[in-house]
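Number of protein chains: 2
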Amino acid sequence: MPLLVVGSVALDSIETPLESRDRIIGGSATHFSYAASFFGPVRLVGVVGEDFPAEYRQLLADRNIDLSGLHTIPGGKTFYWKGKYLPNMNDRETIEVQLNVFGDFKPKLPDTFRQSDFVFLANGSPVTQMSVLDQVVKPRLVVADTMDLWIREQHSPLLALLKRVDGLVLNDSEAKLLTQEENLVTAGHKVRELGPKFVVVKKGEHGAIFFSEHETYVLPAYPTDRVVDPTGAGDSFAGGMLGYLAAKKNFEPQTLKEAMAYGILVASYNVEDFSLNRLQQIKMSDIEDRLVKYRRMLSF
Amino acid sequence: MPLLVVGSVALDSIETPLESRDRIIGGSATHFSYAASFFGPVRLVGVVGEDFPAEYRQLLADRNIDLSGLHTIPGGKTFYWKGKYLPNMNDRETIEVQLNVFGDFKPKLPDTFRQSDFVFLANGSPVTQMSVLDQVVKPRLVVADTMDLWIREQHSPLLALLKRVDGLVLNDSEAKLLTQEENLVTAGHKVRELGPKFVVVKKGEHGAIFFSEHETYVLPAYPTDRVVDPTGAGDSFAGGMLGYLAAKKNFEPQTLKEAMAYGILVASYNVEDFSLNRLQQIKMSDIEDRLVKYRRMLSF
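Those protein sequence lines, which keep their order, are chains A and B.
Counting from 1, one number per residue, gives the positions in the first sequence under the working numbering.
Counting from 301, one number per residue, gives the positions in the second sequence under the working numbering.
Hints may contain errors.
Straight-line C-alpha distance at most 27 angstroms; calculated DSS-like pairs for lysine-lysine [unchecked claim]:
#1 B:Lys497 with A:Lys293
#2 A:Lys84 with B:Lys497
#3 A:Lys257 with B:Lys593
#4 A:Lys203 with B:Lys384
#5 B:Lys497 with A:Lys257
#6 A:Lys293 with B:Lys490
These stretches of chain A come out as covered by chain B in the derived footprint (C-beta under 8 angstroms, 3 or more residues) [as the list claims (entries may be wrong)]:
#7 36 to 50
#8 85 to 99
#9 177 to 185
#10 201 to 215
#11 286 to 299
Bear in mind the hints are in silico, worked out from the structure with no lab data behind them.
In this text, a Cβ means the ideal position worked out from N, Cα and C, and glycines have one as well.
Chain A extracted, bound-state conformation (with noise of 0.2 angstroms):
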């Protein structure tokens, strides 16, 4: 079933203590698209400068990435983030940001978009995520993300789009932060009651945690010993979860339980390299046989 995802296309220059790296692919969607194509087709909106590197456009479209609500603008430059991992690999600072294209980006949908079944709005303005939900046509299940930022500067609509949403991913310094709530699993069941049908709240190196009104449920990330660069591992985990429904096409009690397994996996994957190196290397046997290993790990 058709997969749309609205959010970022970005060049990073990353910093980890132990190697960097200067302009690599980056951004919220792409991670996303990435991660979701190991299950089935996705439809990818964004915008990019003429700086954008063909090879990394190369990249997204070899793997059944519909780039036509890709856009490029002549003579504007990428959406450019650079940042800085702190020894623990959780905790980063932002060096430098540069909008460019990315902070005129009014998402238009193609019309061949416009019917998607599933929708994903990464990390953006609310502003910018409701004008896209006001493009969809009937849309069976949309999923948003959003950050401290919109929570702070745009409460208003960030709570008029979560009345229109299915799901809501974020951190859980975010949750706590919507609801000024400290107890995580509190937290996680009033940002449900601002609207979402469930909510995710990502916990970074310790896994995740759903909310719906009947069900309570914490899966922890996969362990892993290789963790290079942790940038993108929220969208990619949100891509594997996606990408799953999509394929399933529902999103019952059990298959959304399953569908945020395969993004913990993805994720996973994601951490072990820079960008979507890791991403790159893999099959989808390799994210089944970590589910193996998972389900034997969480067995008992």
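Chain A is already provided as a structure; the job is to place chain B on it using the hints.
Frame of chain A; chain B shown alone:
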């Protein structure tokens, strides 16, 4: 099978953002033995002063906890700890510590305790822990806890102890400190290479990771919106874990994993009220009920 614990029995004054309690029963051996007593008899070795309330002693005695190793020092005062939890209920500040009789604690095992198959050396100086080990005759399984203080200030005795224990239980920050490793999976295995056959790294509200030569697995904490007082969570975790192992009379890989799950569930009850209050209210059937839910949570 006889399970022996040597550690602190204390009076705690605890402030949380919502409520406070003064001079309630606490201490590592207390939380451990109460938790373990759900599964079978426990032998406690510790020391208290004359001020230790008879009702607290009775609380333990009523639970299949053999107190013939709990020494009362005439004229002495019981180990006292006063602490305050920050709003996140994970971080805490120590406001006051009075070691009192615990400061001179030189554990001497009653003769009847020297034959104990399962031994838990609760957090204490590694020199003291070693002196206990020297008094036990051919234990089948020895597990120790430790803390940052001993890692920093008694490094050599700790390393010597690690060569003689089967298992070590410690916090994530302590595992990182001991190994100078930021990645927790790497850190856990490096701790294991210092001697113990298995290592359990406690991650508080995020659960625990198990490390043996052939296994690495994470089990999440049981999600609860009712965290009243986290004091003793780690010790009740260890108590549930070793209590289960002692009852099962083995420590095969599968039993160890089940034991870790029981530890997590007993700890999830422990934090739902101050001191031993919540554990006093529940029965083994409550733990089993939660186990059913926990298993369901982790299966997909």
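Outcome of the hint check:
1. Proximity of Lys497 (chain B) to Lys293 (chain A) is assessed by CA-CA distance (about 21 angstroms); at most 27 angstroms being required, the pair is judged to hold.
2. A hinted pair counts as satisfied when its Cα atoms are at most 27 angstroms apart, and Lys84 (chain A) with Lys497 (chain B) does not qualify at roughly 37 angstroms.
3. With a C-alpha separation of about 15 angstroms, the suggested pair Lys257 (chain A) and Lys593 (chain B) falls inside the 27 angstroms cut-off, and the hint holds.
4. Straight-line distance between C-alpha atoms of Lys203 (chain A) and Lys384 (chain B) comes to about 25 angstroms, which keeps the hinted pair within the 27 angstroms bound.
5. Of the supplied pair hints, the one linking Lys497 (chain B) and Lys257 (chain A) is violated, its CA atoms being roughly 34 angstroms apart against a limit of 27 angstroms.
6. Pair hint Lys293 (chain A) plus Lys490 (chain B) holds up; C-alpha atoms about 22 angstroms apart against a cutoff of 27 angstroms.
7. Coverage of a stretch by a chain is defined here by at least three residues with a beta carbon nearer than 8 angstroms to that chain's beta carbons; for the stretch 36 to 50 of chain A and chain B the count is 0, and the condition is violated.
8. Counting residues of the stretch 85 to 99 of chain A whose beta carbon lies closer than 8 angstroms to any beta carbon of chain B gives 3, which reaches the threshold of three, so the coverage claim holds.
9. Three residues within the 8 angstroms Cβ limit are the bar, and the stretch 177 to 185 of chain A against chain B gives 4, so the coverage statement holds.
10. For the stretch 201 to 215 of chain A, the stated coverage by chain B holds: 5 residues have a C-beta nearer than 8 angstroms to a C-beta of that chain, and at least 3 were required.
11. With 4 residues having a beta carbon nearer than 8 angstroms to a beta carbon of chain B, the stretch 286 to 299 of chain A meets the requirement of three or more and the stated coverage holds.
In this structure, the earlier hints numbered 2, 5 and 7 are contradicted, and the remaining ones agree with it.
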